[in-house]
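One letter stands for each residue in the lines below.
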Amino acid sequence: MSLSGACAIAGVYEHPTRWAPDKTEFQIMAESAKGALDDAGLTINDVDGLFGASMTMGAMGIVELAEYLNLKPTYIDGTNIGGSSFLAHVSHAAAAIHAGMCKVAIVLYGSTAASNAVAIGTGMGHGSRNPWDSFQSPYGMTTVGSYAMVAQLHMQRYGTKPEQLAEIAVTMRRHASMNPVAKMRTPITVDDVLSSRLISAPLHLLDCCIISDGGGAIVVTSTERAKDLRRKPVQILGCGESVCHQEIGAPDLLTMGARQAGELAFGMAGVQRSDIDLAMVYDSFTITVLSTLENLGFCKVGEGGDFVSGGRIGLGGELPVNLDGGGLSSNHPGMRGIFLAIEATKQLRGECGERQVANAKLAVAHGTGGTLGVAHSGATLILGVE
Amino acid sequence: MADLTHPKVHASWETRGYWEGAARGELVLQRCRACATVQHKPRGVCATCLSGDLEHFVASGRGTVYTFTVTHQNQAPPFAAACPYVMAYVQTEEGPRLLTHIVGVDPEAVQIGMAVVADFQSQERTDGEQFAVVRFRPAD
Ligand SMILES: [Zn+2]
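Residue numbers (the working numbering), protein chains in the order written: chain B, 12 to 397; chain H, 277 to 416.
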């Protein structure tokens, strides 16, 4: 039997916190685990597969997490490839369950980036004694700066306009206004984005994701078992991963991990781009959304500016993107990939109220980890309901 | 834009040739004797064929701006005082693309495709190492 459709997301939980100075990362993960297991109708005693990552978990982090939760899993995966980690965890969990190595997997994330005042996108370039980093750190390479170089190249080569990137931020904010737990809910305009201060040209403050605390959890099990649980199973139909870097044989800066990961996931699922009802894509910056949609194959590279214009990626548009408001407006605790699969799951279960995409049956979620413009990872999931 | 003194670089035996070359005013790249690939960042093996038979050579130092950003916010010292500064990728004549700064020009005048040459800032150090940071400036 093929992996496509063999496993399903049986429960999800997005921690509602956006500011948690009184909590630890593991506490947020544990509270999220409880939420997702309750959602599925399972308990912690059912869990035999543990998957997790955070911005501070080190080499033994996943073992410490198992200790914190008093778990003795038969399958352990602490893969950390940045913000896309959790989408990779979901596909690894599906593979492990399909291979019979565990039965109920939980994927966990927690972060107190905001309350610990972590400058996620700026304020970098000193302190590293790693010789490999010395090719970046003497230049004050910031996360936003690297994405800005991608945006600059896209604009110069294809005539993409700042207004088109701004419309992405405006759309995410509109979606956030319909999400009760989103951090930034007051609508903004294209002019607001363009008149916000330049952080790293051509990206303005409102082209950048926010910084928050947060966390979440996803329960994965076989589709067969999920059918007996509390919620409608959201099947894992396709998955793919990739690494993209700027080294030998340097690929074009506008080619990102989403290309390979997307092709693998769509290939496994056996569905077309035109079949997709909604997309959840990592939106660290507005350019990330545009470039991801191009690389996933929703339009050609260079056509992203037009694709995101005219309301096409908003609720009610041709391809609604990031219905929760994304990292640009809902939450961004540093590695937000887990929320892409959580919101996709809720949309496919039809639970999203005002921001619900009508008759959503098929969703794509794509996470980018690390930094577009330098080394980064990609992980794609195609999720669907019957 | 205040004059920026780049933070100290740290070298391993794999990367030392690059920084020592820069201190001599040379852009030093690595070439594989087995498959002729030119690579950057420098490393102990050829990342195309895994041969360990590598040589350093002095590149022309010429290239073009592949893309860039004028950085307006980086709160880390010493960059905070240097904003706005121009971070860029430069496409070298020999192939590798280098992350760098563009100096000696009004940030607003930098353009993709602009011809540039390597420019070196020697580091004042107390550890006995002679290293320099590689930047680029407009070609004459
Ligand atoms: Zn070679």
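If you're looking for bench data, these hints aren't it; they were derived computationally from the structure.
None of the values given here were measured: they were computed from a predicted structure.
Heads up, a few of these hints could be off.
To be verified - Residues from chain H shown here face chain B by an in silico Cβ test under 10 Å; the list is partial:
hint	residue
1	V285
2	E290
3	R309
4	R319
5	L330
6	H332
7	S336
8	G337
9	R338
10	S398
Idealized CB from N, CA, C, for every residue including glycine.
Quick rundown of the hints versus the structure:
no.	hint	in the structure
1	V285	holds, 4 Å
2	E290	holds, 7 Å
3	R309	violated, 15 Å
4	R319	holds, 9 Å
5	L330	violated, 12 Å
6	H332	violated, 16 Å
7	S336	violated, 18 Å
8	G337	violated, 17 Å
9	R338	violated, 17 Å
10	S398	violated, 13 Å
Against the hints set out earlier in the document, violations occur for numbers 3, 5, 6, 7, 8, 9, 10.
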